[in-house]
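Work out the full structure, taking the sequences as your base and the hints as a guide.
Using this note's numbering, you'd call the opening residue of the sequence shown number 109 and step up by one each time.
Hint data in this document are derived by calculation from the structure and do not stem from the laboratory. In this text, a Cβ means the ideal position worked out from N, Cα and C, and glycines have one as well. Be aware that one or more of the hints could be misleading.
Label pairs and their in silico Cβ distance ranges [stated by the list, open to error]:
#, residue 1, residue 2, range
1, SER198, GLN314, 47 to 55 Å
2, PRO358, PRO188, 22 to 30 Å
3, GLN314, PRO130, 42 to 50 Å
4, ASP190, THR259, 49 to 57 Å
5, PRO188, LEU227, 42 to 50 Å
6, GLY216, TRP283, 23 to 31 Å
7, THR184, PRO358, 43 to 51 Å
8, GLU260, LYS345, 41 to 49 Å
9, ALA274, THR347, 14 to 22 Å
10, PRO188, GLU294, 53 to 61 Å
11, THR186, GLU359, 16 to 24 Å
12, GLU221, SER333, 16 to 24 Å
13, TRP283, PRO130, 27 to 35 Å
14, ALA317, ALA284, 15 to 23 Å
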Amino acid sequence: MNPDPGDLIHFTPGLHLLAGPPGIGTSSLAHQLALEAAQAGLETLYLAPEHAAAQTRLMHLAQLSGVPLNRLHQMTPTTPLDPDIRRRLSAAAEHLYNSGLPLRRLDGRQAKEALQDLLGGRPRLPELLLLDRLEDTPVSSDHTFQPSSITEYQERERQRWTALTARLQTLALQWAIPVIATTRCELKDAAGPQLADLSALRIGQQAAAEATSVTFLHRERYYQSTERDLAELICLKGTGLLWNYAEFDPECATFRPQATRLPHGQTPCSGRMKQ
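If you want it as structure tokens, here you go:
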């Protein structure tokens, strides 16, 4: 059952950052939010500047049909289909054809061009904008700049990201819409989970300070083998996302919200939890 827009998007107008280490599932969650928002009737624009179009199309089909993503990757025009798989894919295709979801998804070069237009204030913004990822957003830079050290280069990059987040925040407030952008965290200790804090963000704390909210995605199975792939959203700033806990289905790249508290015997091993 799809929630209505008021229940689904628990965001105020502004820039909302969704952070996590590489491969933890922030892109899957962003795409799921975009799809569910469109199904709930919101005009949604999903931009993935560094993603291949085929990659996001398969994720879209997996989330809509429930057919495992790895199965979709293996399919060819001559692949014999199980009757249940055929039924689910046909239902997803019919749903897309009949409903005309207000979800516009752009990848690669098209996404970069659309972002440049958005940052320039040219087109009308949708009701919800999702950007995957913030670091992949093309921004103007001084090509004559020659850093003398890695530290100097990283500082210049953080300055660019701060300017970018400030611009996105301004646009979101001007148009009174939520803008959700994924961003990466730097792993300080790859051997185990770390406390979620703003200093772990690759874009830097100053850039994060420009955003309305910052939410950190944590999954236990990312660090160790567990029976269930439980996920937690930790709000570091603002109100964050609607749910606290979910179970991740890697086959369909989908998060399924769980009860407010973890099942008996399960304890989160992440940092500060949302209240």
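Against the structure, the hints:
Remark: the range hint 47 to 55 Å for SER198 to GLN314 is upheld by a beta-carbon distance near 50 Å. PRO358 and PRO188 have their C-beta atoms about 25 Å apart, which keeps the hinted 22 to 30 Å range intact. A beta carbon spacing of about 22 Å between GLN314 and PRO130 contradicts the range 42 to 50 Å that was offered as a hint. Roughly 55 Å separates the CB atoms of ASP190 and THR259, a value that falls within the hinted 49 to 57 Å.
Judged by the Cβ atoms, the range 42 to 50 Å given for PRO188 and LEU227 holds: they are separated by roughly 47 Å. For GLY216 and TRP283, the Cβ-Cβ distance of about 25 Å falls inside the hinted range of 23 to 31 Å, so the restraint holds. Distance hint for THR184 and PRO358: a CB-CB separation of about 23 Å, inconsistent with the stated range 43 to 51 Å. Look at GLU260 against LYS345: about 28 Å separates their beta carbons, and that is not inside 41 to 49 Å.
The hinted window of 14 to 22 Å between ALA274 and THR347 holds, with their beta carbons roughly 20 Å apart. Here the CB-CB span from PRO188 to GLU294 is close to 45 Å, at odds with the stated 53 to 61 Å. Separated by about 23 Å at the C-beta atoms, THR186 and GLU359 satisfy the suggested range of 16 to 24 Å. Judged by the Cβ atoms, the range 16 to 24 Å given for GLU221 and SER333 is violated: they are separated by roughly 43 Å.
About 31 Å separates the C-beta atoms of TRP283 and PRO130, a value consistent with the hinted range of 27 to 35 Å. Restraint check, ALA317 to ALA284: a C-beta distance of roughly 21 Å satisfies the suggested window 15 to 23 Å.
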